[in-house]
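J.: Residue strings, one per chain:
Protein chains: 2
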Amino acid sequence: MSDHLQRLYERFRYRGRKFDFEAVGLRLPNGAEGELETIRHPGGAMAVPVLADGRLVLVRQYRFPLDRWLLELPAGTLEPGESAEATIRRELAEETGHRADGWAELGQFPLAPGYSDELIHAFLAWDLQPLPDPPAQDADEDIETVLMTPAEVEEAFARGEVDAKTMAGLALARGRGRL
Amino acid sequence: MSDHLQRLYERFRYRGRKFDFEAVGLRLPNGAEGELETIRHPGGAMAVPVLADGRLVLVRQYRFPLDRWLLELPAGTLEPGESAEATIRRELAEETGHRADGWAELGQFPLAPGYSDELIHAFLAWDLQPLPDPPAQDADEDIETVLMTPAEVEEAFARGEVDAKTMAGLALARGRGRL
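Residue numbers (this note's numbering), protein chains in the order written: chain A, 267 to 445; chain B, 267 to 445.
So that you can see chain A by itself, here it is in the shape it has in the complex:
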C-alpha cells in the first residue's frame, strides 16, 4: 500500500480552453479503487485590492454556469508559463482598469477540492492607480468595477451574491491585519 494516489488507467480526457477534465481509474491511499472525475487546472490568481479609504475593488461579473452576475475579487487563470504574480497584474488591469504599486503574497488555497485541483494564489494589492489606457476585456467577459467596504461584501455574501474565493481572500487579508 502506498501513501499516495496510484493512477490505474485513463478513461477519458477533455482538453478545454483553460483547463482539462479527466475520468481516471485510481487506487486511493486507503486501498479503495474507483473511477473518479476531476478538473485539472493550471491554478488561479486573485487580488484583494485595498484603496486608501479601506474600500475594496471588486468586479461585478456575469458567470455563465449560473447565468447571473456575481460580486467577486478580481481573479483569473494562469496561462502556460505565466507566474501567479504576472497573472494577477494582468487580470487587475483587464478587469478593473487599475494597476497597483504595492503587492504582497497572502498565500494559496484549494478552491473546490472535491472535483478540481485548482489552487488560488492570493495577493494583497494597494497603492492603486487608474490606468490611462486600460486593456480590453476578454470577449466572453462582461465586467464592471464596484467599490465596497468589507462589511458591504459580507452583507452581499449573506445574500448569495459573492463567491467562496472572495470570502477566503478577505479572511487571508484580515489575518494579516490588512482589512
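Treat the hints with care, as some may be off.
One copy or two, either will do: identical chains are not told apart, so a pair holds if it fits within one copy or between any two.
[Claimed, not checked] Derived pair list, reagent style DMTMM-like, types lysine to aspartate or glutamate, alpha-carbon separation capped at 20 Å:
(1) K284 - D383
(2) K284 - E301
(3) K284 - E357
(4) K284 - E299
(5) K284 - E420
(6) K284 - D399
(7) K284 - D367
In short, the hints are calculated from the structure, not lab data.
Fair warning: this is a prediction, and the values are worked out from it, not measured in the lab.
Using the hints provided, position chain B relative to the given structure of chain A.
T.: Chain B in isolation, oriented as in the chain A frame:
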C-alpha cells in the same frame, strides 16, 4: 439580444457519479458566442458544527484531485430528491459520527462559478452528540474528525491546509454572531 444565456448546441456531456460535465455552445447576454465547459452539480450542503466550548468540528479528509489531506467543515453532495438539510444531517453523521439537535440555515453561496454551477447550502449546527452507532463512511472516503478553534482554522488556512468553502462558512457564522 436577451438578458439571459442562450444555449446553441451541446458538443459533449459526461455523466459522472455525483455531477455532470458539459461542453456547450452558448450566446452570452452581451452577445458574445463561444464554446464553454462547466460542471453541472446538484448542489452541496455544509455544516458549521459548534461545540459548547466554541471549538468547531472539522474533518481531515483525503482529496484525490490534490493527492493530499485537507481540513474542511463537514459537507457533501445532494443526492437526487434529497433536501440540503437531509444531506447535511447525513453527512455530519457519516463524516464525524455526530448528530446535532440545533440547526439554523446560514445561506447559500457559489463555490467555483468560473466552471461549476454548484451552490453550497450552509447550516449552523449545535447541541452536538456523539452517535452510539455511527454509520459507515463511503468506501472512497478517508476521514477523521478534528476539533479546532476558529483561530486555529484561520492559521491552518494561511498554511494552505483548508479549503475555500470552509472559510466561507466561518464568515457566514461570524456574520450571525455565532463564532
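J.: Hint compliance check: list the failing hint numbers for this structure, sorted ascending.
T.: 5, 6 and 7
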